[in-house]
Amino acid sequence: MSEFLQHLVNTLVLGGTYALLGIGLTLIFGIMNVVNFTHGVLYTFGAYVMFIVVHQLGLNFFLALPVAVVAGWILGAVIELTLLRPLRGSDIDTTMLVMIGAWIAMQSGALWIWGGVAKSVATPFPEAPLVLGPVSVSWLRLFVLAAAGLLIVVTYLLINRTRLGCAMRATFQDEDTASLMGVNVDLIYTSTFAIGSSLAAAAGALLGPVYVISPQMGDLAAVKAFAIVILGGLGNITGAVIGGFILALAEELGAGYVSSGYRDAMGFLIIIAVLIFKPTGLFARSERIG
Amino acid sequence: MRRTIKYVLAAALLSGTASAETIKIGVNEPLTGAFAASGTYVVNGAKIAADEINAKGGILGKKIELVIEDNKSNPTEAAAVAEKLITSDKTPVLMGAWGSSLTLAVMPKLTEYETPMLVETSSSGKITTSGNPYIFRISPPSSVEAAAFKNIVDKLNLKKVDFLVINNDWGRGTADDFGRMFKEKGIGVGLVETMDQGAQDMSAQLSKFKSSDSETIIVTTSVDQLTLIFKQAAALGLKKRIITTGGSQNPDQIIAQAGAAANGTMHLTTFLPWLPDKTPNPEATNYFISEWKKRGFDFAGCTESFRGYDGIRTVAAAIEKAGKAEPAAIKAAFWDVKVKGLNGDIVFHKSGPEGKESGQSQPNVYLIEIEDGKVGLKNL
Numbered sequence: 029m030s031e032f033l034q035h036l037v038n039t040l041v042l043g044g045t046y047a048l049l050g051i052g053l054t055l056i057f058g059i060m061n062v063v064n065f066t067h068g069v070l071y072t073f074g075a076y077v078m079f080i081v082v083h084q085l086g087l088n089f090f091l092a093l094p095v096a097v098v099a100g101w102i103l104g105a106v107i108e109l110t111l112l113r114p115l116r117g118s119d120i121d122t123t124m125l126v127m128i129g130a131w132i133a134m135q136s137g138a139l140w141i142w143g144g145v146a147k148s149v150a151t152p153f154p155e156a157p158l159v160l161g162p163v164s165v166s167w168l169r170l171f172v173l174a175a176a177g178l179l180i181v182v183t184y185l186l187i188n189r190t191r192l193g194c195a196m197r198a199t200f201q202d203e204d205t206a207s208l209m210g211v212n213v214d215l216i217y218t219s220t221f222a223i224g225s226s227l228a229a230a231a232g233a234l235l236g237p238v239y240v241i242s243p244q245m246g247d248l249a250a251v252k253a254f255a256i257v258i259l260g261g262l263g264n265i266t267g268a269v270i271g272g273f274i275l276a277l278a279e280e281l282g283a284g285y286v287s288s289g290y291r292d293a294m295g296f297l298i299i300i301a302v303l304i305f306k307p308t309g310l311f312a313r314s315e316r317i318g
Numbered sequence: 402m403r404r405t406i407k408y409v410l411a412a413a414l415l416s417g418t419a420s421a422e423t424i425k426i427g428v429n430e431p432l433t434g435a436f437a438a439s440g441t442y443v444v445n446g447a448k449i450a451a452d453e454i455n456a457k458g459g460i461l462g463k464k465i466e467l468v469i470e471d472n473k474s475n476p477t478e479a480a481a482v483a484e485k486l487i488t489s490d491k492t493p494v495l496m497g498a499w500g501s502s503l504t505l506a507v508m509p510k511l512t513e514y515e516t517p518m519l520v521e522t523s524s525s526g527k528i529t530t531s532g533n534p535y536i537f538r539i540s541p542p543s544s545v546e547a548a549a550f551k552n553i554v555d556k557l558n559l560k561k562v563d564f565l566v567i568n569n570d571w572g573r574g575t576a577d578d579f580g581r582m583f584k585e586k587g588i589g590v591g592l593v594e595t596m597d598q599g600a601q602d603m604s605a606q607l608s609k610f611k612s613s614d615s616e617t618i619i620v621t622t623s624v625d626q627l628t629l630i631f632k633q634a635a636a637l638g639l640k641k642r643i644i645t646t647g648g649s650q651n652p653d654q655i656i657a658q659a660g661a662a663a664n665g666t667m668h669l670t671t672f673l674p675w676l677p678d679k680t681p682n683p684e685a686t687n688y689f690i691s692e693w694k695k696r697g698f699d700f701a702g703c704t705e706s707f708r709g710y711d712g713i714r715t716v717a718a719a720i721e722k723a724g725k726a727e728p729a730a731i732k733a734a735f736w737d738v739k740v741k742g743l744n745g746d747i748v749f750h751k752s753g754p755e756g757k758e759s760g761q762s763q764p765n766v767y768l769i770e771i772e773d774g775k776v777g778l779k780n781l
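These protein sequence lines map, in sequence, to chains A and B.
Under this note's numbering, the final residue of the first sequence carries the number 318; numbering is consecutive throughout.
Under this note's numbering, the final residue of the second sequence carries the number 781; numbering is consecutive throughout.
Since the hints were made in silico from the structure, they are not lab data.
Hints may be right or wrong, so weigh each one.
Below, in silico cross-link-like pairs of lysine-lysine (DSSO-like), each with a Cα-Cα straight-line distance of 30 Å or less [stated by the list, open to error]:
{"no.": "1", "chain 1": "B", "residue 1": "K751", "chain 2": "B", "residue 2": "K586"}
{"no.": "2", "chain 1": "B", "residue 1": "K584", "chain 2": "B", "residue 2": "K527"}
{"no.": "3", "chain 1": "B", "residue 1": "K425", "chain 2": "B", "residue 2": "K725"}
{"no.": "4", "chain 1": "A", "residue 1": "K147", "chain 2": "B", "residue 2": "K779"}
{"no.": "5", "chain 1": "B", "residue 1": "K779", "chain 2": "B", "residue 2": "K561"}
{"no.": "6", "chain 1": "B", "residue 1": "K694", "chain 2": "B", "residue 2": "K775"}
{"no.": "7", "chain 1": "B", "residue 1": "K640", "chain 2": "A", "residue 2": "K147"}
{"no.": "8", "chain 1": "B", "residue 1": "K757", "chain 2": "B", "residue 2": "K779"}
{"no.": "9", "chain 1": "B", "residue 1": "K527", "chain 2": "B", "residue 2": "K425"}
{"no.": "10", "chain 1": "B", "residue 1": "K611", "chain 2": "B", "residue 2": "K584"}
{"no.": "11", "chain 1": "B", "residue 1": "K457", "chain 2": "B", "residue 2": "K725"}
{"no.": "12", "chain 1": "B", "residue 1": "K485", "chain 2": "B", "residue 2": "K560"}
{"no.": "13", "chain 1": "B", "residue 1": "K448", "chain 2": "B", "residue 2": "K561"}
{"no.": "14", "chain 1": "A", "residue 1": "K147", "chain 2": "B", "residue 2": "K448"}
{"no.": "15", "chain 1": "B", "residue 1": "K448", "chain 2": "B", "residue 2": "K425"}
{"no.": "16", "chain 1": "A", "residue 1": "K147", "chain 2": "B", "residue 2": "K775"}
{"no.": "17", "chain 1": "B", "residue 1": "K611", "chain 2": "A", "residue 2": "K147"}
{"no.": "18", "chain 1": "A", "residue 1": "K147", "chain 2": "B", "residue 2": "K695"}
{"no.": "19", "chain 1": "B", "residue 1": "K751", "chain 2": "B", "residue 2": "K694"}
{"no.": "20", "chain 1": "B", "residue 1": "K775", "chain 2": "B", "residue 2": "K611"}
{"no.": "21", "chain 1": "B", "residue 1": "K485", "chain 2": "B", "residue 2": "K722"}
{"no.": "22", "chain 1": "B", "residue 1": "K694", "chain 2": "A", "residue 2": "K147"}
{"no.": "23", "chain 1": "B", "residue 1": "K641", "chain 2": "A", "residue 2": "K147"}
{"no.": "24", "chain 1": "B", "residue 1": "K640", "chain 2": "B", "residue 2": "K551"}
Predicted model, so just to flag it, every value in this text is computed and none were measured.
Please model the complete structure; the sequences and the hints are all you need to start from.
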């Protein structure tokens, strides 16, 4: 029983981070309809910004987080302006190829600048875990969970309760109508991609100190983010959050009670099942066709 | 800067003609991917050996040239890199490929092109027992590690152990060899859990150990994952003894990155850079360590890089003995080399099916313990 409780606590902590990975991508992949292969590199980028700010500039850990978010926002805006804007209106394959190219170029750039040896970030949290009866959890992971929760709520409110969010939803539903209603469509494209990118960078900045930082850290994260978005339904923030927790639960219980060798397979088995039985994702909104 | 670029360009253009005057050695290591840290250290050690040999005039009157390629921690890439080194760069001998799965993927290429390879790190038993006569290994297979550990397990008072191993030939081979040895010793073997080579979160596996009835966990993987395991074990309040195997722990890097979580952990290692005077060849060890520091490399890498250093020195000795830089002659000469390695004499013994034996050298194995952020030899 105590093992099961520990698995549940692990799920909560891991699920929070998966949810954070998922919501950034669901904005770009789900709402903008861009198959964003740079999501993993932006995650890596956020982690390296954290490393630079804490270890090379010697600034405070908590100050480094907003710096990483802003840096991710800027890099996202640059990618949108230089790569995606000229390609707007072209077919999905072309955009996808360009994004794959950007992914490889940025990952190689990270390798060139920082080398392949992993880095670790010191945190101000105590090393001794918080022990609650039979379960324990590290303070850092609790902080990450809380920060992820905050970012998720802020993003949800931004999309569903603000004029910007309303304009975003309008633009990607019908660009021409939105434009006629006075929405600055160019600005919306750039800001949506930038917001999604800053969420990826935030996830990297939060998880970099939990794990270790290396140029390839984003690859697995990106694969999981895509899985979460498909699981939750494209463009659905609540779906991405729940999808993140379902994936974490499947991995934890799969590794805990079935086989640790197939840990990563568990999540993808669920994805296959979802794609067969409910291809639009578990929580997709009903959509008008035609 | 511009001048450097000019020289690099000139060197690149001239490399076709320059190759006739050097002896090429192919180096097939993971410089990116999951094993990037370890592979980079091995390559840096190899460069020290090449520079040392060239400073003394090279071999057979020629300088040696390392042709270094990245196998990306990926077996498919490792095989492709071997093919490129042999067919395009015309290297008569290779060193590589760090990981067991990487080396196993390269082996058919060695047979195909009849080119020998010195294996510096891999520890799966299969490498030297599957009948590949082009393999010469200086690292200990996990069975040798297990045999060395067998002599000290009584003093550690082991009752029952669990395993957490990387899910590849290296990890699973270690679990088999150590498990067999423990059973012979009457020590119980409980859970055998695995993790993917790129996995970052091992909390699920560690949570299982928390409620198992074993008192010790044997962990086999490389340094980056070890760091994560120690941190995550501490976060879960897992208070069992952890002993790592495989010799790719870089204990100083663990101390730097895992902090207090590393205290109390024990590691089976094949080099003692902390106690150069206790190594079999103190003079060479001291030279290597001083050269390593002089180049500004992280001391933590010594436990990994010495294999690249010993590997290239062994390859050079074989080429010298062969009298010519040709694959068949070098392969034959490997059997006659005797190199004073940093971890004991390197001499190849026959291993595997008769007629197709691979060469295996027998290095020393030590058990060290991390206490208060320092490495100590575990005196038993």
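Of the hints given before, which are not true for this structure? 8, 12, 13 and 19
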